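Asks: This is what each chain is made of:
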Amino acid sequence: MDKIRALIVDDSSVMRKIVERSLRQAGIELEKVVEASNGAEALTALHDNVVDLILCDINMPVMDGLEFVREVAKLESVKNVPIVMITTEGSESHVVQALSAGARGYIRKPFTPDQVKEHVLPVLGRKP
Amino acid sequence: MSTDTSFVARSHEENWLPVLELAVEEVFEIMLGCRVKPMAQSEHKPNGEFTAMIGLAGALCGILTVCCDAKTAGEIAKTMLGDTADSKAEVADALGEMCNMIAGNFKNKLAGTDERCMLSVPTVISGGEYSFHSMAEGNSVETVLLFKDAPITIRLQLQS
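Those sequence lines, one after another, are chains Z and W. With our numbering, letter number 112 in the first sequence gets 626, and the count goes up by one each step, no holes. With our numbering, letter number 20 in the second sequence gets 30, and the count goes up by one each step, no holes.
Derived by calculation from the structure, the hints in this document are not laboratory data. Take the hints with a grain of salt, since some may be wrong.
[Claimed, not checked] Here are the computed lysine to any residue pairs in the SDA-like style, where the Cα-Cα straight-line distance is at most 20 Å: (1) Z:K517 with Z:P636; (2) W:K119 with Z:F625; (3) W:K98 with Z:R530.
Keep in mind it's a predicted model, so treat the numbers as computed, not measured.
One chain only, chain W, in its complex shape:
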């Protein structure tokens, strides 16, 4: 039986976070043309009116979520599409695609893992009145960034 040392070495959450942050920064820079940096989480907590989520299965099993307020989700869609983005469906679609690209970029950075990890299609929840219960209890890493002065939380929960 072979052991993938690169995967084992990344099994602690402190090792996942820089990879996640880099994946997020690249997606924002390439798709939205803006540089974002992680912020201190205690300073900023977004109003979670839009939550995009995507499942990971295989070598990595869990869920990645991107959470922000409605205005910020709208700004993301407008930056991606120009002023033509106006419907709620299009805003949700844009946030779902950002989540999809962050998850894909994250797993593609993990040598030996990307081949054995699958992504679901994204799901987007609008409205903040819900409780989130993931079955993927285990390591969890979170980064908060500012986009046009508004916080966005990206959270990765992985099954142990």
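Same shape as in the complex, but just chain Z:
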């Protein structure tokens, strides 16, 4: 399988490391990992880096995950990059808002590596 470039957006550096580890445990080979601690930083990172996948928290300072997804949808160069939300917000309305805004997947924290595999591989066009 091809290696991918991932952008991980979470205000917790610990959680960014856990997400990266979970991707590797899911059998996803990573060529490059770009990190951002909020949506605004992530938009800057997208300007400077080409990525194949975005994993994004919702509750973050400066710019939250839902606003970030809406902003990405407006950007021609990155609007087709799949976004999977990874968040403690588990309500149906948050899921609907995220998917309506353009996210392709939704994982609730706490999560297992198997859940990452189940939700991330399909958006990369791979079988879980």
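Chain Z is already provided as a structure; the job is to place chain W on it using the hints.
Replies: Chain W only, in chain Z's frame:
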């Protein structure tokens, strides 16, 4: 005006506690790979060198805190990250994320409430020389669990 019966039915603290305990147990099992059970509170009182807190607003208004000693906070971070967790900032970050996931898991278990309750970003205090005064005076539930033989207190204070 509609009344959310599931929310009203849970308005007494004895109804909140089992939900909180279940939320805590699940987060520890999934994120740290260990089973924890509530302990008798009189037996164990942690030295509160690290306190993580997260605010709840909306249908539920209050604060959830996770309190433990420095060694235990370090053990949590190491279990989450492996031996790479060494800085105080990373230990605080790990405890804050545990608090965040417990609060999120707790509210997600309350049918009809999760949609109307928001969480703040977590805050972590290191050092035990402080007094805690919450504006959320009302129901308060607390559970103490043992993680690697050390007590951790999880407390939920909700505004009446």
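Asks: Output the indices of the hints that this structure fails to meet, ascending.
Replies: none
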